[in-house]
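Colleague: Single-letter residue listing:
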Amino acid sequence: MSRRLRQGTLRSSFRETSSRPYAGFLGVRSATVRLPITTIVFGILILGVIVELLRRRRLREKYAFIWLFTGFFVIVLAVFPGGLDRAAGYLGVASGVSLVLFLAVVFLLIIAIHLSWEVSQLEEETRSISEEIALLRLELERSRPDASAPREPTHDDPTDRSL
Amino acid sequence: MTRPLSVLVVIPAWNEEASIADVVREVRRTLTDVDVLVVNDGSVDLTGVRAREAGAVVARLPYNLGVGGAMRLGFRYAVEHDYDAVVQIDADGQHDPAFVPQLLDKITAGADLVIGARFAGVGEYQARGPRRWAMTVLSIVLSRLSHTRLTDTTSGMRATSRPLVELFATHYPVEYLGDTVETLAMAARRGFRIEQVPVAMRERKTGKPSHTVGKATVYLGRALGVLVLALIRR
Numbered sequence: 001m002s003r004r005l006r007q008g009t010l011r012s013s014f015r016e017t018s019s020r021p022y023a024g025f026l027g028v029r030s031a032t033v034r035l036p037i038t039t040i041v042f043g044i045l046i047l048g049v050i051v052e053l054l055r056r057r058r059l060r061e062k063y064a065f066i067w068l069f070t071g072f073f074v075i076v077l078a079v080f081p082g083g084l085d086r087a088a089g090y091l092g093v094a095s096g097v098s099l100v101l102f103l104a105v106v107f108l109l110i111i112a113i114h115l116s117w118e119v120s121q122l123e124e125e126t127r128s129i130s131e132e133i134a135l136l137r138l139e140l141e142r143s144r145p146d147a148s149a150p151r152e153p154t155h156d157d158p159t160d161r162s163l
Numbered sequence: 001m002t003r004p005l006s007v008l009v010v011i012p013a014w015n016e017e018a019s020i021a022d023v024v025r026e027v028r029r030t031l032t033d034v035d036v037l038v039v040n041d042g043s044v045d046l047t048g049v050r051a052r053e054a055g056a057v058v059a060r061l062p063y064n065l066g067v068g069g070a071m072r073l074g075f076r077y078a079v080e081h082d083y084d085a086v087v088q089i090d091a092d093g094q095h096d097p098a099f100v101p102q103l104l105d106k107i108t109a110g111a112d113l114v115i116g117a118r119f120a121g122v123g124e125y126q127a128r129g130p131r132r133w134a135m136t137v138l139s140i141v142l143s144r145l146s147h148t149r150l151t152d153t154t155s156g157m158r159a160t161s162r163p164l165v166e167l168f169a170t171h172y173p174v175e176y177l178g179d180t181v182e183t184l185a186m187a188a189r190r191g192f193r194i195e196q197v198p199v200a201m202r203e204r205k206t207g208k209p210s211h212t213v214g215k216a217t218v219y220l221g222r223a224l225g226v227l228v229l230a231l232i233r234r
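Same order as they appear, the protein sequences are chains A and B.
Position 24 of the first sequence, counted from 1, bears residue number 24 in this note's numbering, the numbering being contiguous throughout.
Position 160 of the second sequence, counted from 1, bears residue number 160 in this note's numbering, the numbering being contiguous throughout.
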């Protein structure tokens, strides 16, 4: 544990933490050690939430895959941060951080567009269904003339929108 | 001229309890051989009751879909019940049903979409400012597209032939201005015959037309957007 020796004991670094605002978390002061921890924790959190949503059947698997992939990607980045700078170098991007930010923005943009598309699709489906319902109700009223004096909402009860 | 056509008059209505009964009665009095379908577009007032009392068939949408959704429902109904033509009339009383036979004569003569047009010599409806510019641009572009002179592309008074009713029953545009501008572009691009008949519009019985400059400018922008989209859409 040469790093700890250089920084003094855990105990002493704890004392420093309280006196200096930018001292490390849990006594780990070196940014090169803390960053992967932060990133890995986030990656595991994302994975955990997705798996839990899937387990409770709250998320269709077609959406789960991209988020699971994102979680894995974050963890891989955390473990091998050096690969990022190398990839950035290949693409002519100055630093790995810029590359990550750029990719994140593009990724989120694509997700947002995809969700708009999904919402449009869903709205069209609900519209079509409500038109179908109106037609069916009309046919029903006609085939059962005794039930054809439907209740309509009145001014006394504006919340009642049932027939 | 006798009309062998079976005609459905569709009146999309959203909270029009003050005017709907008069409109329905006038239509039934003026045009004795048509059926009237009022599409109650999610009204929270007594529109449905008033329309039914006046003798119309009423279809009630569970929530407000706008003119586009209401009309698509009307076209679906017309297809299912085998009508030869659909006539659309506004629920606020600004359309005079006395002009409908002229629209239908054009349908009988082979037109697919007949617009009841203001600014075409009859009546004195006027618009100014950005709203007028929007209407002018729409007229020019859509006239060229449909190979006929159209002076009032946003009129809500129109007659539709059976082939076009079938198309509209599945592909009616439901967005803003889709029911007027985009339907024209759709019909024209698919080679349907479009014509117009000059009509006089009355003052609305209820409701206020939006006449502020700000609103008119927004209208201009949206109308042009809709037009461009209509032209590039599949």
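The hints are simulated quantities; they were obtained by calculation from the structure and are not laboratory data.
All C-beta atoms in this analysis are idealised placements derived from N, C-alpha and C, irrespective of residue type, glycine included.
Some hints could be false.
Partial selection, computed: residues in chain B whose CB lies under 8 Å from chain A [said to hold, decoys possible]:
hint : residue
1    : 54
2    : 55
3    : 63
4    : 65
5    : 72
6    : 73
7    : 79
8    : 133
9    : 135
10   : 140
11   : 225
Colleague: Each hint should be assessed against the structure and marked as holding or not.
Modeller: The hints, checked one at a time:
1. About 14 Å separates the beta-carbon of residue 54 of chain B from the nearest beta-carbon of chain A, more than 8 Å, and the hint is not met.
2. Here the hint on residue 55 of chain B is broken, as its CB sits about 14 Å from the closest CB of chain A, past 8 Å.
3. A least Cβ separation of about 7 Å between residue 63 of chain B and chain A falls short of the 8 Å threshold, and the interface hint therefore holds.
4. Because the closest C-beta pair between residue 65 of chain B and chain A is about 6 Å apart, less than 8 Å, the hint holds.
5. Interface restraint check for residue 72 of chain B: the shortest CB-CB distance to chain A comes to about 6 Å, inside 8 Å, so the restraint holds.
6. With a least beta-carbon distance of about 4 Å to chain A, the hint placing residue 73 of chain B at the interface is held under the 8 Å criterion.
7. With a least beta-carbon distance of about 10 Å to chain A, the hint placing residue 79 of chain B at the interface is violated under the 8 Å criterion.
8. Residue-level restraint check for residue 133 of chain B is violated (minimum Cβ-Cβ distance to chain A is 30 Å; threshold 8 Å).
9. Nearest Cβ of chain A to the Cβ of residue 135 of chain B: about 28 Å, over the 8 Å cut. The hint is violated.
10. Hint status for residue 140 of chain B relative to chain A: violated, with the closest Cβ pair at about 30 Å, above 8 Å.
11. Here the hint on residue 225 of chain B is broken, as its CB sits about 16 Å from the closest CB of chain A, past 8 Å.
Checked against the numbered hints given earlier, this structure breaks hints 1, 2, 7, 8, 9, 10 and 11; the rest are met.
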